[in-house]
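Chemist: Given next are the chains, with one letter for each unit.
2 protein chains.
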Amino acid sequence: MPNPSAAMLVIGDEILSGRTQDTNTHFLAGELTKHGIDLKEVRVISDDAPVIIAAVQALSKRFDHVFTSGGIGPTHDDITADCIAEAFGAHLDVRDDARAILAAHYANSGQELNAARLRMARIPDGATLIDNPVSSAPGFSLGNVHVMAGVPTVFQAMVASVLPGLTGGEPLLSQSLRVMRGEGDIAAFLSDLAARHGDLSIGCYPFQHNGAYGANVVIRGHNGPGVDAAMRELAQEMGL
Amino acid sequence: MPNPSAAMLVIGDEILSGRTQDTNTHFLAGELTKHGIDLKEVRVISDDAPVIIAAVQALSKRFDHVFTSGGIGPTHDDITADCIAEAFGAHLDVRDDARAILAAHYANSGQELNAARLRMARIPDGATLIDNPVSSAPGFSLGNVHVMAGVPTVFQAMVASVLPGLTGGEPLLSQSLRVMRGEGDIAAFLSDLAARHGDLSIGCYPFQHNGAYGANVVIRGHNGPGVDAAMRELAQEMGL
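Residue numbers (the UniProt record's numbering), protein chains in the order written: chain A, 1 to 240; chain B, 1 to 240.
Simulated from the structure, these hints should not be mistaken for lab results.
It should be emphasised that the depicted structure is a prediction, and the values quoted were computed from it without experimental measurement.
Wrong hints could be hidden among the right ones.
As a list, the in silico BS3-like pairs of lysine-lysine whose alpha-carbon atoms are at most 25 angstroms apart [as the list claims (entries may be wrong)]: (1) B:K61 to A:K61; (2) A:K34 to B:K61; (3) B:K34 to A:K40; (4) A:K61 to A:K40; (5) B:K61 to B:K34.
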């Protein structure tokens with residue numbers, strides 16, 4: 001049985017304008033790989049309601065899970081919850097369970113739970129809250145879409161909250177070998193190796209170091225003995 | 001007249017598995033912003049021919065430009081050129097101009113121009129070569145799709161080769177103000193500010209520093225005096 005599949009949807013003009021480097025995708029990709037969920041596609045889109053709604057609908061139909069980051073804060077440009085609710089035809093309003101979490105948090109910190117902050121308690125009907133141990137305001141899962149914050153520390157904490165509840169598959173195993181050979185010199189061998197091991201993914205990532213050409217060869221797959229066998233063939237070919 | 005629009009297509013299993021952090025998107029986003037081309041969407045997809053072909057066709061129809069990174073090296077998993085050719089129904093084979101560039105490069109470096117390396121001279125009919133001052137093997141532009149390498153130093157050099165030839169628009173101007181106020185405390189003001197300046201994008205990016213809450217407020221737009229005016233209102237409201 002194949003592993004569950006996933007897509008990531010990064011929502012934010014600040015990524016597309018080059019102001020902010022997205023790091024949430026890289027973090028999520030590593031966690032999903034360990035958990036046996038195959039990340040198949042990432043999209044970065046702007047804070048634009050029709051664009052968000054269309055992307056959520058398209059990706060949630062095609063993949064087992066969709067993870068979103070960004071747009072769930074208290075300001076006017078935080079429209080992700082509205083868009084997710086609209087994408088699924090769900091009612092959106094302040095929900096008592098989320099309001100209670102925020103009320104306790106702001107009482108503790110001596111800040112006011114004003115109208116802007118109360119926006120963060122707006123959760124679609126039928127959604128499950130995602131715990132946020134960093135700054136309290138929860139994310140939520142609605143259907144197969146998991147809605148999380150864009151701030152990396154909060155995003156990471158929410159991923160840790162949501163992943164254990166999802167059924168994983170076989171973790172993707174990976175072995176790599178750094179060889180000081182030009183990519184073009186080993187390409188023919190790698191092509192044969194890939195043909196002999198059709199269930200593995202064999203990648204070659206070239207680099208230059210002090211003027212010398214080298215490559216990192218990465219062999220990935222769900223079949224551990226197969227990865228081992230292919231890596232032994234590679235090492236032998238390289239004279240190691 | 002609106003600025004030209006663009007999409008970025010990052011091709012590579014190594015990004016989706018979490019092995020490699022993509023940095024090409026962030027670089028391209030900054031360069032396009034300076035050049036007055038609006039990056040509207042980024043997709044990261046795997047080394048899978050039907051997926052690549054479908055994404056190229058979809059994005060090249062919707063946006064003025066598509067920039068791709070990855071999959072144009074000498075190994076078996078480098079299938080981007082094949083997919084671009086197929087997406088546009090163009091013939092693909094070794095082209096004399098590209099072969100001459102590679103022959104000169106490998107003669108200089110004392111390496112063999114073997115069958116694997118000659119794959120990098122396969123250029124679709126009708127494409128224009130993109131100069132690669134780092135490692136010679138060229139990228140290419142076919143229609144509105146600009147095909148570049150995934151290795152960041154090479155990608156960056158290719159962007160520098162291709163961008164001056166593209167018609168830009170008005171650069172996106174941006175000013176930011178760091179305020180030591182909770183995001184929820186300034187949200188109502190920012191919402192009003194955004195409503196009064198409908199042609200600007202006003203973003204708020206919260207942070208915590210030594211336990212204190214702050215936010216970077218970013219005001220972006222193509223209208224310089226408008227950005228200035230909105231920033232003055234913000235500074236006044238913050239008591240600066």
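Chemist: Work down the list of hints and note, for each, if the structure agrees.
Modeler: To see whether the hints hold, each was checked on the structure:
Between B:K61 and A:K61, the direct Cα distance comes to roughly 22 angstroms. Compliance with the 25 angstroms bound is thereby established for this hinted pair. A hinted pair counts as satisfied when its Cα atoms are at most 25 angstroms apart, and A:K34 with B:K61 does not qualify at roughly 36 angstroms. This hinted pair does not check out: B:K34 and A:K40 have alpha carbons roughly 31 angstroms apart, beyond 25 angstroms. Taken as a hint, the A:K61 and A:K40 pair is honoured in the structure, with Cα atoms around 13 angstroms apart against an allowance of 25 angstroms.
A hinted pair counts as satisfied when its Cα atoms are at most 25 angstroms apart, and B:K61 with B:K34 qualifies at roughly 24 angstroms.
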